[in-house]
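Please model the complete structure; the sequences and the hints are all you need to start from.
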Amino acid sequence: MTDRRRINGPPGGTRPAVYASLLQSATGAADRAQRQRQPTDLRKIFLKTGLIPSASGSSYLEFEPSASLAAARANPKSLIPPSSALKLACTVHGPKPLPRSATFSPNLVLTTHVKYAPFAARRRKGHIRDASERDLGVHLETALRGAIIAERWPKSGLDITLTIIEAEDDRWWGDAPDSHDASWGMMNVLAGCITAASAALADAHIDCLDLVSGGVAALVSEDMTGSSGPPRLVLDTDPAEHRSIVSACVVAYMPARDEITELWLKGDSSKAALEDDDKRPGHEALIDGAVDAARGAHTVLGQAVRESIARTVGSA
Amino acid sequence: MVGPTASISNLNRADGSASFKCPTTGYDVLGAVNAPIELPTRRDALKPEEATVEVFVKPGTTTAGVGERYIEGILRSVLGKVVLGREKGFPRRGVVITLAIVGGGNVERGDSYLTILPALLHTSLLALLSASVPLSMTFAATTLGVTISNEIIRDVSPRGAKAAASLHALAFSSKGHLLLNESQGRFDFEIWEAVREQALFICQGAAVPSADGDVAMDEEADRTHLDGFIRETVEDQIHSEYNWKVDSV
Amino acid sequence: MASATANAPPSLSLPPSQFARLQPHAYLLAHLSPPPASNQPSIRANGRAPSQFRVTSANAGSLTHTNGSAVVRIGDTAAVCGVRAEILHTDDIASWSVSESSTAASTAKHQHLADLSDHPTKENKDVDQDSDAADDEDRAHVQGLNLLVPNLSLSTGCAPGFTPGAPPSALAQSLSHQILSLLHSTRLVRADDLRIWYQPPNLGPEDIEPHNEDEQMDVDADQSGSAENRQPREIKAFWVLYIDVMIISLAGNPFDAAWASVLAALRDTKLPKAWWDVDNEMVLCSDDLTQAYGLSLRGLPVASSFCVFEADAAAGWRAVVIPDAGEQKKGSQSRWILADPDGYEEGLGQERACVVVDKDNDGKGKTVIVKMEKHGGWTVDSADLRQLVDISAKRWDDMKRILDQC
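Chains as they are written, first to last, in numbering that gives the first Met the number 0: chain D, 0 to 315; chain V, 0 to 248; chain Y, 0 to 405.
These are computed hints drawn from the structure, not numbers from a lab. All C-beta atoms in this analysis are idealised placements derived from N, C-alpha and C, irrespective of residue type, glycine included. Hints may contain errors.
[Claimed, not checked] For each label pair, taking beta carbons as the anchor points, the in silico distance ranges come out as:
hint : chain 1 : residue 1 : chain 2 : residue 2 : range
1    : Y       : 91        : D       : 257       : 53 to 59 angstroms
2    : Y       : 15        : D       : 99        : 43 to 49 angstroms
3    : V       : 36        : D       : 258       : 50 to 56 angstroms
4    : D       : 72        : Y       : 281       : 42 to 48 angstroms
5    : D       : 72        : Y       : 14        : 54 to 60 angstroms
Listed below in structure tokens is the structure:
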């Protein structure tokens, strides 16, 4: 199928490169990426607002590269990157009048749009949004809609666009998909999207109840078979650093009101290795963990928004 | 050398139309102009004090692609400047030019569109004249190729374009302004100036506009340069349209 | 009107930013032609001199999942380019015939080219050495097989006008085409860098011992010695380069930024060593970075765009339509050619010019024009274009420095 509005590649299609080393050692004998952080340690987040002047609000977010990726960058040996770090840009356009054809709305009409760059993931993404990208857009919309005071802008629209320049992996590159496998990387992307969009909304001076931030927690087991006991709770997981993720949860959280605007839990959370006096069920521990991660992101978010306001005050 | 052929007002339903055929390059373009017309779907894009010029290019055997969008952009910017869009009846309306490439080779993916540019420009000019759209000037265009041995060749065919070291499409207004220049390949400025001189000669012949704005016309030179060709085509058309009047006198 | 507003600023009650929005044309004109008494230099509203470009920065290789990547910022316009290489098997090419895989006749030449590409550092000096026949074959492969696939996206929320998720706008399509067309006309990427060869085993006495993987990978390296009594090599696959440009922020002049990012990303691109594996019947790659090779690009074409600002937008045609009108207002400058226009300036003039230049011998040779276009008006002619080429040549030096540092 050719797309007349884009430049197409060879009609016969192309195949991604296959590395000989991968073919020989499917077990992943090469150095696995290992988590160097404590289970409750979060990655550093780089968040900056106002980089795109033509938008009403904008932000750029980057996660700190994992220890293995940083090592691979400092001393490159292999062409296969051990893991990747999230990089995304967010713009907010509006509030602006709705198009003529739209029906009346007493509230601000929120449109969210998440798109991966074709080179964002290990596998080349298409130019047209696929199901997972639409899914992310819907999740993001629910997360933000709970925070925005929409009735202040009747008959107006607000476009939020996120461009994922580099996404997180779903698993370590050498591993074959297993029974627990799902697109775990997507959850990290969503958490990043929520935090970045929140910063961009503040940069655009859109009234919100609170700064909503995203956080991820997961139950991981370091053994494929699960024989090494129940899975542990880990905050801010990088899926490439773990053998197997049993369950993961992403929340959009507003600390000032202690409210969750979006919750997305995936996998089997019935078993969890918690401390002995901890009687919470697995999913509750998981959600609490994600909230803790979101609180961590919130401090970065607050700082970025303070910078954004200092800039506005300074220029006025 | 066989010169181009053209005819005007060959479509009944359009406000103006023209076809232009260039035997050396093999291109045959049919163009239609509708102006001024309402563009209800483009209400937001319309300018309050000027007409909006829209150009559509349809290749002969395939659907339009990325390259056509590019060539449409160039045509729009050239013609938008020539059309007097502020005349009465034109502001907030559209001038829609549709050009169909009827004959000639297809331009392949990522190939140069410069060879077909003159044919498209001439067709749109004649169609605009046929639709009586007010224009500030007429123009003529040509494509020249420069071979590796710095020889300038006229009316490059698509195949010749592949072998050329550089390709240049130029358009000159009837008053000698450089309206358009598209050059690609490897060349230096001296070569380009030689090309410009040659192109100016092809478009206008030796005729130099005199001070009062009139062009000194020489019947002999008429056939050889493109400006004269355009003028003659329009004259012929007017002559045939007013035949009844001439006869009755 | 123009002269009245030029004198107006002192008595303005509006802040300059609002005046700029209400009367953009008069605002820029007042900056460019200050009243002679004020002794102010002619300067653009953004504080630049007419031929000054915005601050440019480039950063290459920061994206993990690409073979080569670059971020280029020109002022507030930012472009991210990622190059991804994928494999096109000759079996998947419908029109491919064995004779095309260039066996007997042209093997010697390929040998020569292959040797060159093994030493990309020396390569630049030999730019003009390849023969015409090689050029034709280059074109046939790179262009005929669609080995370069550039696409530019503006639906990233980079500017208010573009709806995210909509198909590429006419501007995005036109920019994609310009990038492809420039890649082809400059023949920037060599077909030989993109070919994946297979050398059938000779079955001679010395080659009988079983191949281990390392030996297969070194096929290219050790073949120069005994080239004459070997089986002819054949092409088994090509690398296809998907070159995707995302304009993250648009504030005028997207082409310069996009092209610079493509150039920087291609310079950063590393292709893995690839070979045809007979047992698996597929192309395999080595992930060893020391065996990977960079592309040996032909030259370094740098784009510079310009926009013409006219004091009286209708003056041009008035002079044509009314013969005497041109005589008025002699003495004051009536138009300015602005280098690297920002979004504000682009909205005020239709006439555009774009010059792409390259310099031979790594900057020491003479300036070669690779592309020169102007349209949308009639005020720019030979003398101006000559000036623009000189400005572009200066810009080339700056861009070379910036790209070399990244």
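Each hint tested on the structure:
1. The hint said 53 to 59 angstroms for the Cβ distance between residue 91 of chain Y and residue 257 of chain D, and at roughly 57 angstroms that hint holds.
2. A C-beta distance of roughly 33 angstroms is found between residue 15 of chain Y and residue 99 of chain D, which places it outside the suggested range of 43 to 49 angstroms.
3. Between residue 36 of chain V and residue 258 of chain D the C-beta distance comes to about 55 angstroms, which sits within the given range of 50 to 56 angstroms.
4. Taking the beta carbon of each, residue 72 of chain D and residue 281 of chain Y are about 30 angstroms apart, not inside 42 to 48 angstroms as hinted.
5. Taking the beta carbon of each, residue 72 of chain D and residue 14 of chain Y are about 47 angstroms apart, not inside 54 to 60 angstroms as hinted.
The structure fails hints 2, 4 and 5 (numbered hints given earlier, in ascending order).
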